[in-house]
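Enquirer: End of the sequence shown = 604 in this note's numbering, gap-free, step of one.
Source of the hints: derived by calculation from the structure; they are not laboratory data. Keep in mind that a hint or two might mislead.
Claimed, not checked - Okay, derived cross-link-like pairs now, EDC-like style, lysine to aspartate or glutamate, Cα gap no bigger than 20 angstroms in a straight line:
hint: 1; residue 1: K458; residue 2: E412
hint: 2; residue 1: K436; residue 2: E421
hint: 3; residue 1: K575; residue 2: E557
hint: 4; residue 1: K514; residue 2: E557
hint: 5; residue 1: K443; residue 2: E421
hint: 6; residue 1: K514; residue 2: E527
hint: 7; residue 1: K436; residue 2: E412
hint: 8; residue 1: K436; residue 2: E456
To be verified - The calculated label-pair distances, taken between Cβ atoms and stated as ranges, are:
hint: 9; residue 1: M460; residue 2: L599; range: 27 to 35 angstroms
hint: 10; residue 1: G457; residue 2: L568; range: 26 to 34 angstroms
hint: 11; residue 1: K391; residue 2: A602; range: 39 to 47 angstroms
hint: 12; residue 1: Q503; residue 2: S539; range: 21 to 29 angstroms
hint: 13; residue 1: R506; residue 2: D530; range: 28 to 36 angstroms
hint: 14; residue 1: G467; residue 2: M494; range: 22 to 30 angstroms
Predicted model, so just to flag it, every value in this text is computed and none were measured. Idealized CB from N, CA, C, for every residue including glycine.
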Amino acid sequence: MYGVDNRSLKDLLYEQVARVGKALASPKRLEILEMLAQGEKAVETVAAEVAIDVKLASAHLKALTEARLVQRRREGKRMIYRLSGGDVAPLGVMLRQVAEEHLLELRMALQQMMAEPDRLAQVSRKELLAQAKRGDVVVLDVRPPEEFDAAHLPFARSVPLPELARRLAELPRGVEIVAYCRGPFCLMSDEAVKLLREHGFRARKTSDGVSEWQAAGLPLARR
Numbered sequence: 382m383y384g385v386d387n388r389s390l391k392d393l394l395y396e397q398v399a400r401v402g403k404a405l406a407s408p409k410r411l412e413i414l415e416m417l418a419q420g421e422k423a424v425e426t427v428a429a430e431v432a433i434d435v436k437l438a439s440a441h442l443k444a445l446t447e448a449r450l451v452q453r454r455r456e457g458k459r460m461i462y463r464l465s466g467g468d469v470a471p472l473g474v475m476l477r478q479v480a481e482e483h484l485l486e487l488r489m490a491l492q493q494m495m496a497e498p499d500r501l502a503q504v505s506r507k508e509l510l511a512q513a514k515r516g517d518v519v520v521l522d523v524r525p526p527e528e529f530d531a532a533h534l535p536f537a538r539s540v541p542l543p544e545l546a547r548r549l550a551e552l553p554r555g556v557e558i559v560a561y562c563r564g565p566f567c568l569m570s571d572e573a574v575k576l577l578r579e580h581g582f583r584a585r586k587t588s589d590g591v592s593e594w595q596a597a598g599l600p601l602a603r604r
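Just need the whole structure built from these sequences, with the hints factored in.
Expert: In structure tokens form, the structure reads like this:
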């Protein structure tokens with residue numbers, strides 16, 4: 382049996398691990414981590430992206446910082462936040478995958494997002510990489526340009542969603558386009574596919590983003 386000191390030590394160990402769990406026990410904090418997986422961001426940008434005010438965003442970021450999942454730096458009067466290590470984004474991916482495996486409600490919500498399954502690219506990550514390298518498909522990154530610069534799928538082209546309609550002439554007509562954004566919960570790639578198809582392009586999406594690519598041990602590119 383454990384002595385009192387051993388019991389106290391074991392309690393302390395689990396308490397420290399639970400700090401991470403507590404920090405993740407918020408939908409907005411999970412979304413913030415996914416945002417920061419795209420690259421470092423100012424608190425004002427985080428607030429705007431996850432649709433909360435700056436004060437609440439700061440409180441969420443403080444909780445994530447205290448759990449050592451996020452780091453910050455000052456740039457003039459602005460606070461800039463980033464993930465504290467390369468293992469944080471894959472942690473978010475694993476948590477989502479476990480939730481999808483065990484929560485029917487999540488699977489049903491994802492199925493609603495995939496109401497048109499023909500819009501989803503039906504190839505493996507490695508095959509998509511090979512096709513992009515050969516030029517058989519165009520991988521289109523529709524995230525903001527600073528996120529593309531921070532990290533992107535190999536051979537991807539950056540055409541942010543707000544610019545897509547006026548930059549259609551840059552895209553080849555005879556090659557299928559596979560759009561992606563920030564992972565399976567991101568809808569920018571769906572909007573991109575809809576716009577491309579309306580203009581006669583062969584287009585699909587992949588539900589992967591840079592976090593999923595990294596978690597799978599596949600390479601990322603940086604500008």
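Enquirer: I want to verify a distance hint. Is the separation of the beta carbons of Q503 and S539 within 21 to 29 angstroms?
Expert: 24 angstroms, holds
Enquirer: Would the hint linking K514 and E527 be met if the CA-CA limit is 20 angstroms?
Expert: Roughly 23 angstroms between the alpha carbons, so the hint for K514 and E527 is violated.
Enquirer: Indicate whether the distance between the beta carbons of G467 and M494 respects the range 22 to 30 angstroms.
Expert: 28 angstroms Cβ-Cβ, so the 22 to 30 angstroms window holds.
Enquirer: Between K436 and E456, does the CA-CA distance stay at or below 20 angstroms?
Expert: Distance of about 18 angstroms is within 20 angstroms: holds.
Enquirer: Take a quick look at whether K443 and E421 sit within 20 angstroms of each other, Cα to Cα.
Expert: Answer holds: K443 to E421 is near 15 angstroms, not above 20 angstroms.
Enquirer: Sort out whether E412 lies within 20 angstroms of K458, counting only the CA atoms.
Expert: Violated: K458 and E412 sit about 25 angstroms apart, past 20 angstroms.
Enquirer: Assuming the hint says 26 to 34 angstroms, is it satisfied by the Cβ distance from G457 to L568 or not?
Expert: 33 angstroms, holds
Enquirer: Starting from the hint 28 to 36 angstroms, judge whether the C-beta atoms of R506 and D530 obey it.
Expert: 22 angstroms, violated
Enquirer: Would the hint linking K436 and E421 be met if the CA-CA limit is 20 angstroms?
Expert: 18 angstroms, holds
Enquirer: Take the C-beta atom of M460 and the C-beta atom of L599, compute their distance, and say whether it sits inside 27 to 35 angstroms.
Expert: Once the Cβ atoms are compared, 32 angstroms apart, the range 27 to 35 angstroms for L599 and M460 holds.
Enquirer: Is the gap between the beta carbons of K391 and A602 within 39 to 47 angstroms?
Expert: With a Cβ separation near 44 angstroms, K391 and A602 satisfy 39 to 47 angstroms, so the hint holds.
Enquirer: Check whether the Cα positions of K514 and E557 lie no farther apart than 20 angstroms.
Expert: 13 angstroms, holds
Figure legend: structure checked against the earlier numbered hints; hints not met, in rising order: 1, 6 and 13.
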